[in-house]
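Trainee: Sequence:
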Amino acid sequence: GGGRVPFRDVFIHAMIQDGEGRKMSKSLGNGVDPLDIIHTHGADAMRFTLVQMTTQTQDVRMPVERDEKTGKNTSPKFDIGRNFCNKLWNAARFALSNLDGSSSAAATEIDPASLSLSDRWMLARLAEATGTVNNAIATYQFNVYAQTMYDLLWRDFCDWYLEAIKPTVKADANQQASLRSVLDAILRLLHPIVPFISEAIFEKVRQVSTASIAGLDLSPPRVGEVLATAGWPRVAETLRDEQAVGRFERVRALVTAIREVRAQHQVQPKRTVTLHADGPLMEEIDAAGGLVQTLAGVEVTDAEPEGVCAAFAFDRREYRLSNLADAVDPEAERQRLRKELDEIDRLIFGLEKRLQNPGYVEKAPPHLVDQTRNELTKRQHDRQALMAALEKLD
1 GGGRVPFRDV FIHAMIQDGE GRKMSKSLGN GVDPLDIIHT HGADAMRFTL VQMTTQTQDV
61 RMPVERDEKT GKNTSPKFDI GRNFCNKLWN AARFALSNLD GSSSAAATEI DPASLSLSDR
121 WMLARLAEAT GTVNNAIATY QFNVYAQTMY DLLWRDFCDW YLEAIKPTVK ADANQQASLR
181 SVLDAILRLL HPIVPFISEA IFEKVRQVST ASIAGLDLSP PRVGEVLATA GWPRVAETLR
241 DEQAVGRFER VRALVTAIRE VRAQHQVQPK RTVTLHADGP LMEEIDAAGG LVQTLAGVEV
301 TDAEPEGVCA AFAFDRREYR LSNLADAVDP EAERQRLRKE LDEIDRLIFG LEKRLQNPGY
361 VEKAPPHLVD QTRNELTKRQ HDRQALMAAL EKLD
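Counting from 1, position 294 in the sequence shown corresponds to residue 294 in our numbering; the numbering is continuous, with no gaps.
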């Protein structure tokens, strides 16, 4: 009453259709009952999937399947939400098992510059994601919000950060503080999407005290220990450590290249292989403080490789891995290198064709044309490295 406007903002969500693009209806029997999904997948899994699907379009599709066990309609889409919640739960369990809280006697606030490369990188990823999330919520792009959190938790936090700190976190009070702070911030950012699981985990995280990280403001709950009343994370620009991000991305590129070779040669996950590095790469690996060794399962040497080894290109140079297995079949290695050569030739052909097109060179933004030229040069160097590796096999 009183002539006041009840709402300043009204969000109209997309219409959810079935897999064929039909409106869900009782008469067609193509609808999904939210209560059924809460029963099979959980309320948080349902919420996550729905938020991730909420694009700024008029309608979205959700394939509907009949669940033979219950005889009710369901959708494989909700598995995404369930897998995400499981991932969050397991990550938190792993993190909590590495937080003993004994570090609370140390400094009360830690300067992020004093942290290890993986901690600084993770804090920078958190800073970037928080900015993206704040912007997405302000502009009602809820799918961007969900997707940003999916990438932050699944890829950055679980696949890379937790793996990177496994060998060191137990003995490093500062790393424990970093781990606890990042997990706490992630729970706060996720709370509006998955309120129940984040609240349950937060209850445990609150019981562990560590020093705080300068520039990451996590104000305590206003009511009791309840996450719903805790402050939204405030992340200072100082945490967006460009240098740490750049260095970690290079570590990640090197580790990914080594993992690909390991996978192609079916090297057992537990086996440590030998990476033969030159001076500059040795320096870079040392500066990363054991990260490459941990994440790629390698020991590093500057000695010449003996016997059969596998070659790979990284940063325009060719490097070798030895001690892959009891023996590498030279013929299989030849075939693998030839296949990689074919792939690079295909890429080079595409890039050359683009640069030979006068329309592209004249009309495209200069930085894009430069990017394409640089990419071509890099691929040509990679090609030379592979050719050299093939010649050594013959």
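It should be emphasised that the hints constitute simulated quantities derived from the structure, not laboratory data. Please note that the accuracy of each hint is not assured.
Stated by the list, open to error - Lysine to any residue pairs mimicking SDA-like chemistry, simulated, CA-CA at most 25 Å apart:
{"#": "1", "residue 1": "LYS23", "residue 2": "THR54"}
{"#": "2", "residue 1": "LYS26", "residue 2": "GLN58"}
{"#": "3", "residue 1": "LYS353", "residue 2": "MET387"}
Trainee: Hint by hint, note whether the structure agrees.
Mentor: Hints, verified against the model:
no. : hint               : result
1   : LYS23 with THR54   : 16 Å, holds
2   : LYS26 with GLN58   : 21 Å, holds
3   : LYS353 with MET387 : 22 Å, holds
In the structure shown, no violation is registered for any of the earlier numbered hints.
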